[in-house]
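**Q** Respectively, the protein sequence lines represent chains Z and G. Quick note, in the numbering used here, the first sequence goes up one by one and the last residue is 246. Quick note, in the numbering used here, the second sequence goes up one by one and the last residue is 203.
Don't read these hints as lab results, they were simulated from the structure. Do not take every clue at face value.
Stated by the list, open to error - Restraint ranges, calculated between C-beta atoms of paired labels, are given here: (1) G:Glu24 - Z:Arg202: 55 to 61 Å; (2) G:Glu186 - Z:Met1: 54 to 60 Å; (3) Z:Leu28 - G:Glu150: 15 to 21 Å; (4) Z:Gly39 - G:Asp198: 54 to 60 Å; (5) Z:Gly189 - G:Pro111: 41 to 47 Å; (6) Z:Met211 - G:Glu126: 46 to 52 Å; (7) G:Leu106 - Z:Glu10: 32 to 38 Å; (8) Z:Met211 - G:Ala122: 46 to 52 Å.
We put the CB at the ideal spot given by N, CA and C, even for glycine.
So you can see what is in the structure, the chains are spelled out below.
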Amino acid sequence: MKKTNTIFQEGDHKWIAIVRDPERPGHLVDTNEYLVLHGGKGMLLDPGGAEVFPAVFSALSGEFDPSALSAVFASHQDPDICSSLALWLEFNPGMRCYVSWLWASFIPHFGGTAETFVSMPDEGMDIALDGLMLQALPAHYLHSSGNFHLYDRRAKILFSGDVGAALLPAGHDALFVDNFDTHIRYAEGFHKRWMGSNEAKRRWCERVAQMDIDLLCPQHGAIYQGADVQRFINWFDELQVGILGA
Amino acid sequence: MVSTAAGKPQAGVDLLRIVRINEEIKAVVGVAFKINIMALNAIFLAKRAGTAALGFGVLSNELRVFSQDLRTCMGALTELIHRCVNEVSVVLQDIRHTRLLRDAVLMSSMPGLAVVVHRREAANVEHQERLAGLRRQLQRALEDAFQLVELGGVLAKSAKIEAAYGQGFAASLAQVSGEFDGVVEEIRNSLQALQRSDFFKSN
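Could you put together the complete structure from these sequences and hints?
**A** Structure below.
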């Protein structure tokens with residue numbers, strides 16, 4: 001079963017990271033899921049693949065009634081992001097799924113009805129969660145061509161999807177980055193290959209550098225906090241991406 | 001989940017079986033189309049033979065009706081097979097979803113979630129019943145097709161006998177009716193093999 005960690009709490013406003021399943025089969029990439037709670041409503045960010053659904057579900061249900069999930073946010077269309085969608089919908093068929101307009105007719109192959117999907121325009125949008133305004137930020141081509149991150153201004157948390165992701169070796173299971181220089185080695189290959197556009201990367205870095213961020217939460221690997229957030233943005237800004245030697 | 005002795009889920013095995021049946025039916029449909037052309041040829045030949053092949057002429061018209069009935073019958077079989085393939089696929093998807101849901105609810109400490117698994121299981125039962133119904137319908141349709149082909153066989157054999165009275169046309173009439181008989185026999189064997197498929201032994 002995965003572990004849950006509360007990474008932010010202020011009254012009923014809460015961010016829970018669902019991470020690290022010791023029983024996860026090695027052939028499945030490890031994923032982080034994040035649950036945002038506010039006023040008794042919940043939104044799950046990148047709910048994960050179908051095969052990890054039991055582990056994510058059981059961890060989440062220890063913290064929150066899954067039938068009260070009002071929405072899921074899919075940063076992009078990959079199977080590790082949201083192939084579990086049909087299973088979550090079994091618990092709450094009325095749940096909505098926020099996704100780039102680009103994938104709004106592709107992701108339904110994982111499940112859901114026409115009413116399930118809320119298409120996000122390229123420029124992003126505000127998403128309300130029981131009075132809390134969350135901001136879907138464009139991060140196109142990082143890595144998907146229709147890609148969004150989610151910013152919580154009040155909690156100062158940026159969910160950054162695959163940006164900031166690291167493929168950590170066994171034993172490296174800390175929730176937060178504890179040594180940036182060591183950690184970033186596990187992120188470098190991932191970013192060079194998965195991120196397709198230097199121009200998109202530069203724009204993203206310029207945008208998020210202006211934002212007030214305490215925690216940068218990727219979908220794989222450890223969370224960046226404090227000074228490591230800006231350190232990561234600077235590192236990413238200088239990294240040449242989208243180049244393959246082959 | 002129902003599993004076979006080899007440990008494979010029953011629905012997975014069923015899907016393989018129904019895919020094989022589908023391939024066989026496609027082959028039979030192709031042959032049945034050939035019969036239609038052969039029946040037309042037989043009619044033309046009988047007309048050309050005139051009074052020398054009156055009996056053959058009657059039979060060739062019957063063969064033409066038979067070929068049309070066979071075509072309708074194959075159309076119905078094809079549609080049924082498609083519905084079976086679809087339903088087996090649904091059952092296969094149910095198995096995966098149910099497994100994941102059961103695991104999730106078992107691992108969860110939250111009470112009251114079992115109702116979702118029960119709802120899923122009720123839907124599974126509904127899909128399995130629908131599949132069982134389709135399986136019976138397909139079996140009946142194959143029996144009907146087999147009966148029809150038996151009739152075709154009788155007609156082809158009678159045509160072979162009538163061909164012998166065709167005087168100067170006897171050789172060509174014998175060839176047409178012989179080919180007809182051969183093709184009907186081919187379809188008959190295929191249908192017989194299909195009726196024995198293990199797909200019909202499942203629940």
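**Q** Now, for every hint given, state plainly whether the structure supports it.
**A** To see whether the hints hold, each was checked on the structure:
For the pair Glu24 (chain G) and Arg202 (chain Z), the beta carbons lie near 60 Å from each other, so the given range of 55 to 61 Å is met. The given range of 54 to 60 Å is respected by Glu186 (chain G) and Met1 (chain Z), whose C-beta atoms sit roughly 59 Å from each other. The hinted range of 15 to 21 Å is not satisfied by Leu28 (chain Z) and Glu150 (chain G), whose Cβ atoms lie roughly 55 Å apart. Checked against the hint of 54 to 60 Å, the pair Gly39 (chain Z) and Asp198 (chain G) passes, with Cβ atoms roughly 57 Å apart.
In this structure the hint that Gly189 (chain Z) and Pro111 (chain G) lie 41 to 47 Å apart at CB holds, the actual value being about 45 Å. A beta carbon spacing of about 50 Å between Met211 (chain Z) and Glu126 (chain G) agrees with the range 46 to 52 Å that was offered as a hint. At about 34 Å, the CB distance of Leu106 (chain G) to Glu10 (chain Z) agrees with the hint of 32 to 38 Å. A hinted range of 46 to 52 Å for the beta carbons of Met211 (chain Z) and Ala122 (chain G) is consistent with their spacing of about 48 Å.
Checked against the numbered hints given earlier, the structure breaks only hint 3 and satisfies all the rest.
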